[in-house]
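Asks: Given chain W, work out where chain V should sit, using these hints.
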Amino acid sequence: MTVELEELKAMWLDLRAHVDQLAGERQQYYDFFEQASEAYVVTDEYGTIADANGAAVDILQRRKRYLRGKPLAALVALERRAEFRQRLGALRGREPAAERPWRTLFVAPHLRIDVKLAARLIERPGGVGGICWRLEALS
Amino acid sequence: MNSRPAPEWLTTTVSAVRELMIKRLEAESLDAESKREMEMALEELDVMWEELQGQAALLMRENERYAEFFQYAPDAYVITDAGGNIREANEAALELLKATRDSVVGRPLSEYIAADDRVAFLTRSVGLMPGGTVKPFAWRAQLQPREGAALAAEFSVRAIPLKKSGVGGLCWLVRPAL
Numbered sequence: 011m012t013v014e015l016e017e018l019k020a021m022w023l024d025l026r027a028h029v030d031q032l033a034g035e036r037q038q039y040y041d042f043f044e045q046a047s048e049a050y051v052v053t054d055e056y057g058t059i060a061d062a063n064g065a066a067v068d069i070l071q072r073r074k075r076y077l078r079g080k081p082l083a084a085l086v087a088l089e090r091r092a093e094f095r096q097r098l099g100a101l102r103g104r105e106p107a108a109e110r111p112w113r114t115l116f117v118a119p120h121l122r123i124d125v126k127l128a129a130r131l132i133e134r135p136g137g138v139g140g141i142c143w144r145l146e147a148l149s
Numbered sequence: 003m004n005s006r007p008a009p010e011w012l013t014t015t016v017s018a019v020r021e022l023m024i025k026r027l028e029a030e031s032l033d034a035e036s037k038r039e040m041e042m043a044l045e046e047l048d049v050m051w052e053e054l055q056g057q058a059a060l061l062m063r064e065n066e067r068y069a070e071f072f073q074y075a076p077d078a079y080v081i082t083d084a085g086g087n088i089r090e091a092n093e094a095a096l097e098l099l100k101a102t103r104d105s106v107v108g109r110p111l112s113e114y115i116a117a118d119d120r121v122a123f124l125t126r127s128v129g130l131m132p133g134g135t136v137k138p139f140a141w142r143a144q145l146q147p148r149e150g151a152a153l154a155a156e157f158s159v160r161a162i163p164l165k166k167s168g169v170g171g172l173c174w175l176v177r178p179a180l
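Same order as they appear, the protein sequences are chains W and V. In terms of the working numbering, the first sequence opens at residue 11 and continues consecutively. In terms of the working numbering, the second sequence opens at residue 3 and continues consecutively.
Think of the hints as simulated: they come from the structure by calculation, not from any bench. For each residue, glycine too, the CB sits at the ideal point set by N, CA and C.
Beta-carbon label-pair distances, calculated as ranges: (1) W/Glu146 x V/Leu124: 28 to 34 Å; (2) W/Pro119 x V/Arg63: 28 to 34 Å; (3) W/Arg91 x V/Glu156: 31 to 37 Å.
For reference, chain W alone in the conformation it holds in the complex (with noise of 0.2 Å):
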């Protein structure tokens, strides 16, 4: 039995470097997104929020357990809604050109904030994983 034990134990040691060697692989991933100075966020391809970054929060104010679930959309102000989603739109269609910056206005609580918005297509084998927007602050 005692081999057996020893084996077992092996194997206990393998797996635990295995999850050290993932969370060390998830960590500079984490800390590139985390720590980025540029703000994003990352949306699924209908534009629902699943992740923001701290320099994202800071901007639009909002804490992150807000943001998540919540459409881009309804933080961006009434007036520049429509283009916004035709924006997506075009996005989700890969029309030419539609990953090219431009300037929007979000709205924080008491405040409307003056954003410049890119956005990239996040691809999978399947299609669409998703949207990672950066928005620079203009105001």
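Replies: What follows is chain V alone, placed relative to chain W:
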């Protein structure tokens, strides 16, 4: 035990060893108390194993998610090691450098700096200390893509832990200057 994320060989081996232990447990003439203790130890092992596998699954999902954010960021990013060699370049960077991933990974980033600016670029790069001591800063230089004319670009750099080794690397944001 389930077999979610761990490498398949690990799960298979552990299951085989575990089954062997159970067979031995059944065959050996242990007293009831010892048998119960062994069974409980095995149960405990099962729980811990599942927990660790759960952790691995979560890390893998997060890793894939954040890796996607890097690959498809709207900005061009390059990750280099302490020697200035490119470890990773995202899609936007490959478009900017007009190069394939295979042709850039392992090459010095300075190869993509126009000859006139290369010495200055290297001088600045040498002063960077990977491992968290780099204060983010930016400067301009002429970027020389694999094909075509050089273009003015703004380089911003910050420290980042490299995957696998976890040692300090550098994350470069490269933007065509307006």
